[in-house]
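Q: In order, the protein sequences belong to chains S and V. Residue numbering for the first sequence follows the numbering used here, beginning at 1 and increasing consecutively. Residue numbering for the second sequence follows the numbering used here, beginning at 1 and increasing consecutively.
You can take every hint at face value.
Calculated from the model, a selection of chain V residues having no Cβ within reach of chain S, i.e. all distances over 10 Å:
1. I135
2. R172
3. V188
4. K190
The calculated SDA-like cross-link candidates involving lysine to any residue, where the alpha carbons are at most 25 Å apart (straight line), are:
5. S:K272 - V:D63
6. S:K272 - V:A129
7. S:K208 - V:P4
8. S:K275 - V:A132
9. S:K255 - V:P4
10. S:K272 - S:Q299
11. S:K76 - S:G308
12. S:K34 - S:K87
13. S:K302 - V:L115
14. S:K399 - V:Y128
15. S:K272 - V:G130
16. S:K379 - V:F54
17. S:K399 - V:A137
From chain S, some residues computed to sit far from chain V (all C-beta separations above 12 Å):
18. N99
19. Q160
20. A307
21. K340
It is worth saying that the hints were derived from the structure and are not from the lab. Glycine is no exception: its CB is placed at the ideal position from the N, C-alpha and C atoms.
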Amino acid sequence: MTIVSRRTFLAGSTALASTIGAPAIVGAQTPSVKVGLIHPVTGFVAYNGQQNRLGATMAIEDLNKAGGIKSMGGAKLEALLGDSQSKVEVGVSEVEKMNEAGVAAYIGCFQSPVGIAASQAASKYNTPFLIDVGASDLIVTRGLKNTFRLKPGFGVCVDQGIGALGAMNSAAGGPAKTAVIVHESGEFGTGTAKLLSGKLPTIGIEVKEVIPHDNPTRNFDNIALRIRSLQPDLVMMSNYQNEYVLLARTLYQQKVNLAGFYSLLGGGFNYKFAKEMPDVSQYMMDTNHWFNPKSARAQALKKRVEAGGNLFTYEVYLSYSVVELLADALEHAGSADKEKLLAALTASTYKADMLPYAATKFVNGQNEGGRPATLQVIKGDIKVVGPEDVAELKPVFPKPKFK
Amino acid sequence: MFDPQILIAGVLNGLLAGGIYVLVAVGLTLIYGVLHIINFAHGSLLMLAMYAVFFLWRLSGIDPYLALPIVVAGSFVFGYLLYRGLIGRLSHGRDENILLLTLGVSIVIDNAALLFFGGDTQTVEVPYAGDAIEIGAAFLPIPKLISFGAALLICLVLGLFMARTDTGKAIRAVARERQGARLAGIDVEKIFAISYGIGIACLGAAACLLMPTFYVTPQSGYAFVLVAFTTVVLGGMGSFVGAAIGGFLIGVTESLGGLLLGEQLGQIGISLIFILILLFKPTGLFGSKA
Chain S
1 MTIVSRRTFL
11 AGSTALASTI
21 GAPAIVGAQT
31 PSVKVGLIHP
41 VTGFVAYNGQ
51 QNRLGATMAI
61 EDLNKAGGIK
71 SMGGAKLEAL
81 LGDSQSKVEV
91 GVSEVEKMNE
101 AGVAAYIGCF
111 QSPVGIAASQ
121 AASKYNTPFL
131 IDVGASDLIV
141 TRGLKNTFRL
151 KPGFGVCVDQ
161 GIGALGAMNS
171 AAGGPAKTAV
181 IVHESGEFGT
191 GTAKLLSGKL
201 PTIGIEVKEV
211 IPHDNPTRNF
221 DNIALRIRSL
231 QPDLVMMSNY
241 QNEYVLLART
251 LYQQKVNLAG
261 FYSLLGGGFN
271 YKFAKEMPDV
281 SQYMMDTNHW
291 FNPKSARAQA
301 LKKRVEAGGN
311 LFTYEVYLSY
321 SVVELLADAL
331 EHAGSADKEK
341 LLAALTASTY
351 KADMLPYAAT
361 KFVNGQNEGG
371 RPATLQVIKG
381 DIKVVGPEDV
391 AELKPVFPKP
401 KFK
Chain V
1 MFDPQILIAG
11 VLNGLLAGGI
21 YVLVAVGLTL
31 IYGVLHIINF
41 AHGSLLMLAM
51 YAVFFLWRLS
61 GIDPYLALPI
71 VVAGSFVFGY
81 LLYRGLIGRL
91 SHGRDENILL
101 LTLGVSIVID
111 NAALLFFGGD
121 TQTVEVPYAG
131 DAIEIGAAFL
141 PIPKLISFGA
151 ALLICLVLGL
161 FMARTDTGKA
171 IRAVARERQG
181 ARLAGIDVEK
191 IFAISYGIGI
201 ACLGAAACLL
211 MPTFYVTPQS
221 GYAFVLVAFT
231 TVVLGGMGSF
241 VGAAIGGFLI
251 GVTESLGGLL
261 LGEQLGQIGI
271 SLIFILILLF
281 KPTGLFGSKA
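Can you build the whole structure from these sequences, using the hints too?
A: Have a look at this one:
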């Protein structure tokens with residue numbers, strides 16, 4: 001006779017229960033589609049990554065509440081949360097882990113280098129990778145069939161920013177003839193600065209100097225000193241949040257008086273900066289991703305986000321919209337099958353109505369319908385000053401001098 | 001070539017930045033001098049003190065400079081208790097354990113800060129933030145001048161404390177000869193905790209002086225800690241005078257390097273100093289041989 005110990009009995013019972021019970025549980029559940037969200041929620045751009053995650057998870061929650069993916073029998077989206085820790089190699093390892101978990105698509109990654117490497121890793125498995133934030137145009141120029149970017153890259157942002165600046169400068173009688181570019185030294189800042197240096201002369205603005213800086217930078221006093229000695233009419237900035245705020249504050253403290261401070265994809269240009277540093281931020285301008293102020297849905301989302309004690313930054317509504325793009329593609333594909341989903345994304349005509357975009361049209365993975373907005377801080381608030389069809393105010397240019 | 005006025009302005013900017021490096025480095029060198037360990041939690045504890053300054057201002061409207069006595073005292077108590085309750089107790093008298101413990105403490109503090117305070121950039125806005133004195137080409141912001149003066153004063157007070165008080169003498173005795181101090185009746189463990197507390201109090205002072213011109217995020221302490229390590233090596237591990245002079249030298253090197261070579265290459269100057277000191281004078285400018 002075999003004596004069954006208590007431990008063996010418990011182990012056997014558990015195994016039996018799981019064999020019999022599991023199919024019943026699975027059968028009772030609503031089918032779900034796993035979505036891998038890879039963002040830097042720790043590390044030096046943690047805030048931005050947390051904002052991305054906030055937008056994406058809010059969208060998933062809203063979509064699920066609204067009945068999920070109807071063509072898939074009301075399948076719910078299930079978020080797998082990944083932290084790239086602001087590091088490329090960690091972002092790639094998150095792709096591998098999530099692939100093991102069976103994700104249907106990835107969304108990420110805020111930082112261009114992480115997005116480039118992670119989407120490459122996902123391409124091995126032919127899994128769609130949707131870029132919510134990631135400025136470098138390298139992301140969509142490598143011929144990867146799995147990578148899609150809803151928002152415009154820095155090429156389009158620079159073109160539009162330069163166009164807006166040129167028009168504004170001409171309308172004001174051309175007070176800006178020279179500029180200094182200050183940028184962070186990574187892929188995003190360097191790429192933007194290179195494009196700016198090439199394009200500013202086309203609107204009659206000479207680039208006096210291009211000044212790169214590291215992340216983090218402790219002190220911008222010498223950059224301010226250098227700018228004052230060069231006496232440009234404009235300072236053009238392209239940096240992440242912390243350095244953006246510190247640079248703006250230093251230029252104000254050092255009384256660097258110019259016709260304008262104009263950033264492209266300024267990492268710190270947000271409501272908090274405008275509200276908490278009204279003197280520093282007054283009349284600063286930025287061409288950046290922004291919501292359509294005339295969209296009722298965007299305004300409603302803004303209220304919800306702010307009611308939760310968070311800022312309505314571009315990461316939130318870009319990630320929110322990208323989740324909607326994925327849901328729309330799943331709806332059209334009627335399946336999470338990778339080939340069908342890729343085909344649906346490629347043919348997508350999703351209308352991101354919270355953003356000032358035309359209907360989505362992907363060409364080599366880049367949405368041709370996306371465009372940034374030109375913004376200006378006016379009395380502690382941010383106003384859209386271009387494009388004209390969504391503008392709230394006319395820009396103040398040249399800016400009045402610091403007191 | 002640069003206008004001499006710009007160079008002078010660069011030197012002045014470097015000296016002002018150096019004031020903060022001095023305070024951060026003095027705390028680090030004191031802890032090293034007494035406990036003979038590198039405090040890996042230094043950056044995280046600086047960040048924590050910066051958050052304390054930020055919240056005192058945000059919640060109670062206390063100006064960062066007026067918050068100095070509160071934050072310095074709080075930092076001392078925090079450092080003292082951290083050593084007494086955790087580091088000293090778990091290290092079992094082994095230096096390598098203390099090293100690992102401070103590393104662990106730093107990881108916990110960083111992630112707790114991220115969890116409770118979020119990753120957003122927080123700044124303190126004071127009415128005098130935009131005030132400055134113009135000297136030639138230099139525009140010296142009032143908050144940085146205050147920081148510079150206060151850093152010098154704090155170093156002086158700390159130097160007097162170490163030279164004139166019984167506790168200061170006991171700290172020096174423990175730093176010089178641990179066993180001898182024990183035999184002379186000094187409570188070495190208590191001195192370790194007091195030294196650690198004073199080191200962290202220096203960070204509290206640095207945080208108060210930094211916040212009117214800098215920002216705080218859970219990562220912001222690291223921006224200063226690497227430069228503090230270089231300062232300590234340059235001045236000599238455990239040397240107060242070395243940390244003070246080293247901080248100003250590093251500030252000026254960084255500033256002039258940035259002006260002459262560009263902001264990125266300017267950092268090379270600091271690394272170059274670090275390498276040269278290790279090659280030719282490993283004990284630092286004012287360090288004594290072990």
